[in-house]
Each structure stands twice: as C-alpha cells, then as structure tokens.
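Given the sequences, and given the hints that come with them, work out the whole structure.
Just so we're aligned, residue 1 is where the sequence shown starts under the working numbering, counting upward by one.
Don't take each hint at face value.
What the hints assert, rightly or not - Label pairs and their in silico Cβ distance ranges:
(1) Gly-30 to Glu-58: 35 to 43 Å
(2) Glu-55 to Gln-177: 19 to 27 Å
(3) Ser-90 to Met-173: 13 to 21 Å
(4) Gly-30 to Val-178: 32 to 40 Å
(5) Glu-55 to Gln-200: 40 to 48 Å
(6) Pro-100 to Arg-51: 18 to 26 Å
(7) Lys-34 to Ala-170: 45 to 53 Å
These aren't lab readings, by the way, just hints derived from the structure by calculation.
Glycine included, each C-beta is placed from N, C-alpha and C at the ideal position.
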Amino acid sequence: MDLFSALLIALVAGWALRMHDQRTRIALLGRHLKGLQIERLMETLTQGYTRAIHEASEARQIQVLESFAQAEHTVAAQAQSLADALQRESMQATRMSTLPVHIPYAERFLPVPTRDFRALLRIHADGLRRTADNEEGWDAKTRAYHLSAELYLLQHSCHWFCKSRSVADARLMLRHQVTHQKVLDSVSGATRAAYRQWLQGTDRETP
Numbered sequence: 001m002d003l004f005s006a007l008l009i010a011l012v013a014g015w016a017l018r019m020h021d022q023r024t025r026i027a028l029l030g031r032h033l034k035g036l037q038i039e040r041l042m043e044t045l046t047q048g049y050t051r052a053i054h055e056a057s058e059a060r061q062i063q064v065l066e067s068f069a070q071a072e073h074t075v076a077a078q079a080q081s082l083a084d085a086l087q088r089e090s091m092q093a094t095r096m097s098t099l100p101v102h103i104p105y106a107e108r109f110l111p112v113p114t115r116d117f118r119a120l121l122r123i124h125a126d127g128l129r130r131t132a133d134n135e136e137g138w139d140a141k142t143r144a145y146h147l148s149a150e151l152y153l154l155q156h157s158c159h160w161f162c163k164s165r166s167v168a169d170a171r172l173m174l175r176h177q178v179t180h181q182k183v184l185d186s187v188s189g190a191t192r193a194a195y196r197q198w199l200q201g202t203d204r205e206t207p
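See the structure below:
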C-alpha cells in the first residue's frame with residue numbers, strides 16, 4: 001500500500017470515528033432535552049429583548065422586558081431540570097476535551113485535559129436561576145442583558161460538548177455576532193468565577 005492510500009484510509013477512518021463520536025454526544029444530550037423547551041424559550045427571550053430595546057420610550061421598554069418574567073423563570077427551571085437529568089449519566093459519557101478541535105474519543109484514550117459537562121450544566125443552571133430571580137437587584141435592562149449572556153454561554157457549552165470548542169465559538173459568532181470572551185464578560189460575576197474554575201479544572205466533579 002502506498003503512502004497516499006494509507007493517508008486516505010486514515011483520513012476516512014478518522015472522519016468516521018469523529019462522526020460517530022459526535023452523533024453519540026448529540027443523541028445523549030438530545031435525550032435529555034426532549035420534552036424541554038430551552039431553545040424555543042431562548043429564542044423568545046432574545047428576540048423579545050431586542051424588540052424591547054427598539055421601543056420608543058423607556059417606560060415602554062421596561063414594560064416589555066417585565067412581560068418576560070415568566071419565560072425567564074421557566075427557562076431557568078428547565079436548565080435546572082437538564083442539569084439534574086445529566087447527573088444520572090456517567091463521567092465517561094460526559095467528559096469533554098478542552099482542545100480547540102474535535103479528536104474522536106480523545107478524552108477516553110489520550111492524555112488530554114478534560115472537563116465534566118455535568119458540572120458545567122450545574123453552573124449554567126445556577127447562573128440562570130440567580131439572574132431570573134434578580135438576586136443582584138438589577139434594573140430590567142441590566143437583568144435582560146445578563147440573562148441573554150447566560151443563555152448564550154449555555155448554548156456555547158452544548159455546542160462544545162457535541163462538536164468542539166472551535167465550532168462552538170464559530171456558531172456563537174455566526175448566530176449572535178458575539179465572541180465567547182464577550183459573553184463570558186457579560187454573565188454574572190458568580191457564573192464567570194465558577195466557569196473559570198471549571199475551565200481550570202478546579203471545580204468539584206461528580207463521580
């Protein structure tokens with residue numbers, strides 16, 4: 001077998017493994033998202049916030065923003081349900097590589113840094129709950145700004161788990177015209193601190 005043929009076979013095999021690994025992750029997350037409406041609620045809220053900003057008067061802006069209180073609490077509760085459901089999965093199934101690109105099953109067979117997706121979902125659920133409950137006492141506009149960032153970061157994490165960090169970064173920019181760093185800077189301080197601990201591998205993991 002010549003070198004070209006060997007490389008071609010290796011590329012095809014690598015592509016097949018990557019697709020299988022990603023489909024497995026998508027299926028796992030999809031099972032737990034089934035019956036939840038997190039994506040629809042996220043779209044409702046982000047589009048509603050944008051509409052509110054374009055209202056002519058500040059009083060009308062606040063009125064529109066306050067009309068989304070129920071949706072905010074619902075998406076926070078559903079994020080908690082998702083985090084609780086993932087706790088039943090094994091560490092092996094929820095490990096994710098911190099490498100920027102996807103290497104099939106790297107977190108299982110290669111000495112690469114990994115993190116636990118279950119712990120990350122707990123961070124998101126806590127952040128959304130705190131923001132929806134407005135524990136910081138923000139005004140309506142500030143709360144909407146931070147809650148949007150919390151939702152974007154949750155979406156980024158789900159894409160990272162299913163695909164890769166670089167794909168998640170690209171989708172965040174494509175869909176919302178914002179960088180991962182900007183989103184991280186825009187979430188609540190408690191979420192940002194917990195997220196950074198998770199990135200550094202100093203969070204408390206679930207066995």
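Okay, the hints, checked on the actual structure:
1. Gly-30 to Glu-58: 35 to 43 Å: 41 Å, holds
2. Glu-55 to Gln-177: 19 to 27 Å: For Glu-55 and Gln-177 the Cβ distance comes to about 21 Å; the hint holds.
3. Ser-90 to Met-173: 13 to 21 Å: 33 Å, violated
4. Gly-30 to Val-178: 32 to 40 Å: Distance hint for Gly-30, Val-178 is violated at roughly 25 Å.
5. Glu-55 to Gln-200: 40 to 48 Å: 41 Å, holds
6. Pro-100 to Arg-51: 18 to 26 Å: 35 Å, violated
7. Lys-34 to Ala-170: 45 to 53 Å: Since Lys-34 and Ala-170 have Cβ atoms about 26 Å apart, the given range 45 to 53 Å is violated.
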